[in-house]
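Chemist: Residue strings, one per chain:
Number of protein chains: 2
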Amino acid sequence: MGKQSIQFREPPHIVSAASVVGKKEGEGPLGSLFDEIEEDPMVGQASWEEAESALQKRAAKLAMEKAGPGVPPVRYLFSGDLLGQLIATSFGVMDLKLPLFGLYGACSTIGEALMLSAMTVQGGYSDAVLALTSSHFGSAEKQFRYPLEYGGQRPLSATWTVTGSGAFVVTHTGGKARITGATPGRVVDYGLKDSMNMGACMAPAACDTICGHLDDFGRQPSDYDAVITGDLGSVGQTILLELAKKRGYDLKDRHLDCGMLIFDPEEQDTHAGGSGCACSAVTLAAHILPKIERGEWRRVLFVPTGALLSTVSYNEGQSVPGIAHAVVIEHC
Amino acid sequence: MGKQSIQFREPPHIVSAASVVGKKEGEGPLGSLFDEIEEDPMVGQASWEEAESALQKRAAKLAMEKAGPGVPPVRYLFSGDLLGQLIATSFGVMDLKLPLFGLYGACSTIGEALMLSAMTVQGGYSDAVLALTSSHFGSAEKQFRYPLEYGGQRPLSATWTVTGSGAFVVTHTGGKARITGATPGRVVDYGLKDSMNMGACMAPAACDTICGHLDDFGRQPSDYDAVITGDLGSVGQTILLELAKKRGYDLKDRHLDCGMLIFDPEEQDTHAGGSGCACSAVTLAAHILPKIERGEWRRVLFVPTGALLSTVSYNEGQSVPGIAHAVVIEHC
Chain X
28 MGKQSIQFRE PPHIVSAASV VGKKEGEGPL GSLFDEIEED PMVGQASWEE AESALQKRAA
88 KLAMEKAGPG VPPVRYLFSG DLLGQLIATS FGVMDLKLPL FGLYGACSTI GEALMLSAMT
148 VQGGYSDAVL ALTSSHFGSA EKQFRYPLEY GGQRPLSATW TVTGSGAFVV THTGGKARIT
208 GATPGRVVDY GLKDSMNMGA CMAPAACDTI CGHLDDFGRQ PSDYDAVITG DLGSVGQTIL
268 LELAKKRGYD LKDRHLDCGM LIFDPEEQDT HAGGSGCACS AVTLAAHILP KIERGEWRRV
328 LFVPTGALLS TVSYNEGQSV PGIAHAVVIE HC
Chain Z
28 MGKQSIQFRE PPHIVSAASV VGKKEGEGPL GSLFDEIEED PMVGQASWEE AESALQKRAA
88 KLAMEKAGPG VPPVRYLFSG DLLGQLIATS FGVMDLKLPL FGLYGACSTI GEALMLSAMT
148 VQGGYSDAVL ALTSSHFGSA EKQFRYPLEY GGQRPLSATW TVTGSGAFVV THTGGKARIT
208 GATPGRVVDY GLKDSMNMGA CMAPAACDTI CGHLDDFGRQ PSDYDAVITG DLGSVGQTIL
268 LELAKKRGYD LKDRHLDCGM LIFDPEEQDT HAGGSGCACS AVTLAAHILP KIERGEWRRV
328 LFVPTGALLS TVSYNEGQSV PGIAHAVVIE HC
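Going down the list, the sequences are from chains X and Z.
Numbered continuously in the numbering used here, the first sequence closes out at residue 359.
Numbered continuously in the numbering used here, the second sequence closes out at residue 359.
Simulated from the structure, these hints should not be mistaken for lab results.
Be aware that a few hints might be false.
Which copy is meant is left open, because identical chains are indistinguishable; a pair holds if it fits in one copy or across any two.
Cross-link-like lysine to aspartate or glutamate pairs, in silico, DMTMM-like; alpha carbons within 20 Å at most [to be verified]:
hint : residue 1 : residue 2
1    : Lys124    : Asp154
2    : Lys30     : Asp122
3    : Lys124    : Asp242
4    : Lys30     : Asp154
5    : Lys88     : Glu357
6    : Lys169    : Glu343
7    : Lys220    : Asp122
8    : Lys124    : Asp243
9    : Lys124    : Asp216
10   : Lys30     : Asp62
11   : Lys203    : Glu320
12   : Lys272    : Glu66
13   : Lys50     : Glu357
14   : Lys273    : Asp62
15   : Lys279    : Glu293
16   : Lys279    : Asp296
17   : Lys220    : Glu168
18   : Lys124    : Asp252
19   : Lys169    : Glu293
20   : Lys169    : Glu63
The whole structure should be built from the sequences, with the hints applied where relevant.
Modeler: Right, dumping it as structure tokens:
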């Protein structure tokens, strides 16, 4: 395999998936597909951060329940979120009492979690692991932007952080979808500094990973039924298609973006699309994976994308680099 | 292997290590052992965060240089730091142009990075990987406590964040130290809320991982030349020894703590000891690993410890849970 990618000799299976989302996501185009829609933005908790933790715990438990009794017990957990020091994860998974590998890949985290899960299962380190992530509109706005009460205007290039959590049980066998390859991404920085246009910041990283993946595997976009990025949104999509074309790959009739699938920008005032760790995770669990399991799609390149910024780096005038991790998921 | 641990059938080797530290660390008991001592707290950069990134880049490059030309090129990078959204890492490793698995385990991060590095190498996913982490007194105080200019008084239970970065190249063969086992830790919360007494917050997690490890491997503390935690400090050490005794393990004549090794609390006014991701990483690189390589120690249990808090969780009245990851390193 090429210099950046992994081809799994004994592809691990995604035996179950769970998606728990908020009210707005439930009202969007994928609304009927999610496992659970939580109407209360606080999820009965005292803060947005605790609400996000509660979503993560619920998705984790649901995915393990859905895996059923025939699946070996989950031994390790790969999880992360957007908040400083991963507090949604630390407080969310504590009750599960599972060894935790804490991950940070911004909104690409579920890609990182799925790659490491597959590497762990094929490597024989565990018969079953859980890949998990979450985001919450309230906790993310508080972390990265303005207090909600301030009512700040959002430019059209801005995205809307998805409230929810997605969880996946990865094992040796079972189910109708398996992870056959992975291309971990590099940090890519084009020097862009606009945190309200994260799609543009992440598009070069998405291009780097997708083109690196196609180079490594010697494939064309047409070898995939879909190439699905995480949360580039409409602005980032245009840039990705242009950049990939310059690298010799025409993604136009293959590219989809979870951020553009999860909301209706006209009806829901979400501007460029959805974002957040949960955006690609719940779209995979509720929409992409079932299509693969039914055989409507035979092979998909799933490429969650992350914008690597903090309020500190942003306020100190640093650019917003991006990262994207690609996972090949196939029908079986 | 027991329910939480991994025993490596073909133990990956730590073929090289690098430690880059600040002035205060250079004046401490381990001062003469570090590869590089940087006198300028800003490392010639414009901010503490950029300074920390510069340390990380320098340690990474030095470890790869020290590995020498006979070692396969590093293919993947496992790295993380303490700052919100891992900005020290994102901006530190960008120029290396290596695929990045971003990790967060608070001050236990180098344990997480070494475990995943060993799993990746034995799993055949890469012939060489780099495990890396950093912390910086200035960026950590700004992130977690008070502006330095404020001159806040520090209680005696407080620790001092180590400025530095440690890096390790892990491969199939070479060198005189190898990773033979690992026990990833769980999030453990005893409900303590004092962010100025992180040793007490982390001691239960250290106990959980160490005792789980000894149970899983069917070993006693005497099967190790040393059991070395990350940054419990003097206060946390007392608690760990008591808790482990209740679990049936007497660690008294085996336990060391990197936080207590790196500073002289009397001379250097560091109170309970050193802390930060770099504390255990640079102590491993400069002090522990050379002892193992020379055969003075045949087998060590290295257990970096992390306190899982953010200013948000702390200010919202949440407790400070801990996590600890154990890595078995043996002379070969």
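Chemist: Are any of the numbered hints broken by this structure? If so, which, sorted upward?
Modeler: The structure conflicts with hints 5, 10, 12, 13, 14, 15, 16, 18, 19 and 20, although it agrees with all the remaining ones.
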